[in-house]
Amino acid sequence: MASHPPPAEPSSKSNKQGQSEHEEIHVSSGGVLAYTDDDDCESRRPLLLRTPASAECYSVSAAVFPFLFPALGGLLYGYDIGATSGATISLKSSTFSGTTWYNLSSVQTGLVVSGSLYGALIGSVLAYTIADFLGRRKELILASISYFIGAFLTAVAPNFTIMVVGRFLYGIGIGLAMHAAPMYIAETAPSQIRGMLISLKEFFIVLGMLLGYIAGNLYVEVVSGWRYMYASSTPLCLIMGVGMCWLPSSPRWLLLCAIQGKGNLPETKENATRCLCRLRGQASPDLVSEQIDLILEELSYIDQEKQASFGEIFQGKCLKAMIIGCGLVFFQQVTGQPSVLYYAATIFQSAGFSGASDATRVSILLGLLKLIMTGVAVLVVDRLGRRPLLIGGVSGITVALFLLSSYYTLLKDASYVAVIALLLYVGCYQLSFGPIGWLMISEVFPLRLRGRGLGVAVLVNFASNALVTFAFSPLEDLIGTGALFSGFGVIAVASLAFIFWIVPETKGLTLEEIEASL
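Here the numbering used here is used: the first residue of the sequence shown is 1, the next is one more, and so on.
No lab work stands behind these hints, which were simulated from the structure alone.
Each hint should be verified, as a subset may be incorrect.
Pairwise CB distance ranges (calculated) [claimed, not checked]:
#1 Gly311 x Thr109: 49 to 55 Å
#2 Phe500 x Val222: 46 to 52 Å
#3 Thr109 x Ser395: 33 to 39 Å
Model, not experiment: these values are computed from the prediction.
Cβ atoms here follow ideal geometry from the backbone N, Cα and C, with glycine treated the same way.
When you get a sec, could you build the whole thing from the sequences and use the hints?
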């Protein structure tokens with residue numbers, strides 16, 4: 001299997017040429033190196049001046065499973081979104097429900113649909129408290145257990161109450177998995193392909209949605225079909241759990257625990273080296289040891305010995321990371337993503353796709369479009385970079401939102417405008433906010449604060465989703481659909497400004513280089 005050796009390191013002489021004793025080098029939001037005065041910068045220079053992506057040698061085959069098993073957590077999240085759209089139709093059908101409690105009220109239907117979202121909010125809060133204690137690997141194992149119990153209870157539920165409990169437990173699995181999976185992938189992936197792998201997790205979310213839509217289409221006219229839709233996810237839960245038990249722990253997390261006095265440093269360093277050797281495959285042990293030393297160098301530069309406190313998350317470079325990460329996931333939701341998809345069926349009905357079977361087929365076609373565009377983002381993110389995809393994609397989202405607003409206010413007879421706008425929105429979202437939002441939040445937080453910082457970001461993501469979902473109908477009644485989409489368009493313009501001025505380029509940098517640059 002081919003491996004990827006690093007280019008030579010730049011010499012220390014060339015590193016220091018033209019710099020004064022008190023300059024620190026950092027990367028601006030546009031990815032350009034700049035200099036500021038700092039008396040403690042000398043020890044940082046080798047880390048900051050290293051050629052990007054130069055420190056890691058890896059085997060492609062060895063990188064597959066450390067990505068695949070965590071990414072199944074994303075696939076199960078997407079599957080729930082897709083399957084629930086069909087499950088609610090089946091559950092409320094007097095013919096196909098197979099229950100005596102099929103006549104659900106709007107509140108009960110809302111609990112079925114949104115139960116996993118409420119659970120995800122709880123899971124995000126839980127992740128904040130246990131992430132650094134359990135570690136990324138054990139958190140994903142716990143997520144797989146919560147997924148399995150939740151899916152099993154939902155599928156066999158004898159009454160509505162047990163079903164809702166199952167939906168909440170499944171949602172807790174979502175919250176834990178969406179917190180730990182990007183962290184584990186980011187901390188174990190080679191920097192040369194880290195962006196592609198974390199973006200590929202979004203691809204798995206969309207693939208899960210597509211599989212959920214297909215399952216809905218297959219079982220929607222089967223008696224108790226909703227049970228089969230939810231039960232179909234249980235084998236994947238087991239595969240994810242067994243796979244995570246087999247994978248090694250994150251070497252970065254192991255070293256952080258040792259630095260904080262939770263283990264013997266020499267023994268932990270040896271264990272972290274073995275883990276990294278497994279993760280890199282054919283990489284030379286000497287190169288792996290060098291990488292371990294670089295991680296320890298970054299950990300020892302700042303006072304990493306203490307446990308991170310809540311207040312520290314909003315100080316220094318973690319505050320910068322919090323603004324970047326939470327800003328991206330906030331704009332990811334408040335630019336109308338849940339609401340635009342909510343209107344997809346209505347838009348396609350106006351274009352002539354009015355039957356129930358048409359609606360399920362349209363959902364599958366939208367899922368295919370999302371899958372294709374996410375695949376494009378995965379292929380180009382490590383070549384083009386994060387900022388170009390965000391700026392280009394969000395620009396398309398802005399145009400699409402104003403087109404939708406025009407359709408609902410001025411062009412009501414031109415249904416093709418709404419269809420074009422919907423497809424443009426979905427495609428551009430999957431090129432930008434969809435994969436890049438999750439990628440950036442897994443990259444920008446400092447190691448010691450990454451678990452808690454990412455926990456806050458994931459909580460902001462699900463809370464923003466809930467806010468938009470529940471505020472949409474009242475706002476639509478108050479100001480009208482056209483004005484509401486115009487409002488989303490204005491927010492999209494604000495998000496463009498945020499990306500242009502605040503979000504840095506992290507392409508090709510190791511996590512330690514990103515941390516140093518902040």
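Next on the checklist: If I claimed the Cβ atoms of Phe500 and Val222 lie 46 to 52 Å apart, would that claim hold in this structure?
Outcome noted: holds (50 Å)
Next on the checklist: Just to be sure I understand the hint, the distance between the Cβ atoms of Gly311 and Thr109 should be within 49 to 55 Å; is that true here?
Outcome noted: violated (42 Å)
Checklist entry - Does 33 to 39 Å hold as the CB distance between Thr109 and Ser395, or does it fail? => result holds (37 Å)
Hint 1 alone, counting from the list given before, is not met by this structure.
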